[in-house]
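Asks: Once you have looked at the hints, place chain E on chain A.
Given next are the chains, with one letter for each unit.
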Amino acid sequence: QQQVKQSPQSLIVQKGGISIINCAYENTAFDYFPWYQQFPGKGPALLIAIRPDVSEKKEGRFTISFNKSAKQFSLHIMDSQPGDSATYFCAASKSSGDKLTFGTGTRLAVRP
Amino acid sequence: EPEVTQTPSHQVTQMGQEVILRCVPISNHLYFYWYRQILGQKVEFLVSFYNNEISEKSEIFDDQFSVERPDGSNFTLKIRSTKLEDSAMYFCASSVVLSTGELFFGEGSRLTVL
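Protein chains in written order, with the numbering used here: chain A, 106 to 217; chain E, 533 to 646.
This is chain A alone, in the form it adopts within the complex (with noise of 0.2 Å):
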């Protein structure tokens, strides 16, 4: 119950195009959800995060968007550039406890 899955494992878009990673959680005690960038040797980067109470929100060229009856979330990444391409986790966690469980992780490569 504690677990976030992730997909796609790896993603490939070319420069110019959305990437869209996908999450889904089962526990309904979560009440906020990160989505963290990783560069190769480096540590996590907070990117964007939401709470339930907002089915959508824009930070410039990143959106996450929100189902709460579904128990899913999803990070759309709009005109994707050569240097989005990292890693993606997205993570959860609940209001009344501070651990992040991440999910597994997308690789993104966006082509020039």
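The hints are simulated quantities; they were obtained by calculation from the structure and are not laboratory data. Heads up, a few of these hints could be off.
As the list claims (entries may be wrong) - Partial pick of chain A residues on the chain E-facing surface, computed with a CB cut under 7 Å:
no., residue
1, Gly148
2, Pro149
3, Lys204
4, Thr209
Since this is a predicted model, take the numbers as computed values, not measurements. For each residue, glycine too, the CB sits at the ideal point set by N, CA and C.
Replies: Relative to the frame of chain A, chain E by itself:
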């Protein structure tokens, strides 16, 4: 920009040896964490620390692991007797408040156990 710093960046050790990984969290942060990432796998929670005590730990964090905040700035992870399966990237993270999930991660310490 404030950042979490970790040392060493890479440590190679023999099985059975003790290892200490060090972290300097962001200065005004109150909550500290260790996560690990086995090569190519997801990031896994090990332990959280607040007010000089462990607040939560995972099943991975067994008696071989310990954490300490020996002074006002450092936060350490000790592995008493390393095993081959302890080989991983260990990330320190900190946050200023609880329950926002906004963790700031260091660049990691790669531990290789031979």
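Asks: Is the interface hint for A/Lys204 satisfied, with its Cβ closer than 7 Å to some Cβ of chain E?
Replies: Interface hint status for A/Lys204: holds (5 Å vs cutoff 7 Å).
Asks: Taking the closest Cβ pair, is A/Gly148 under 7 Å from chain E?
Replies: 3 Å, holds
Asks: Can the hint on A/Pro149 be confirmed by a CB-to-CB distance to chain E that is less than 7 Å?
Replies: Because about 5 Å separates A/Pro149 from the closest Cβ in chain E, which is inside the 7 Å limit, the hint holds.
Asks: Double-check A/Thr209 for me: the hint is only fine if its C-beta lies closer than 7 Å to a C-beta in chain E.
Replies: 5 Å, holds
Every hint, counting from the list given before, is met by this structure.
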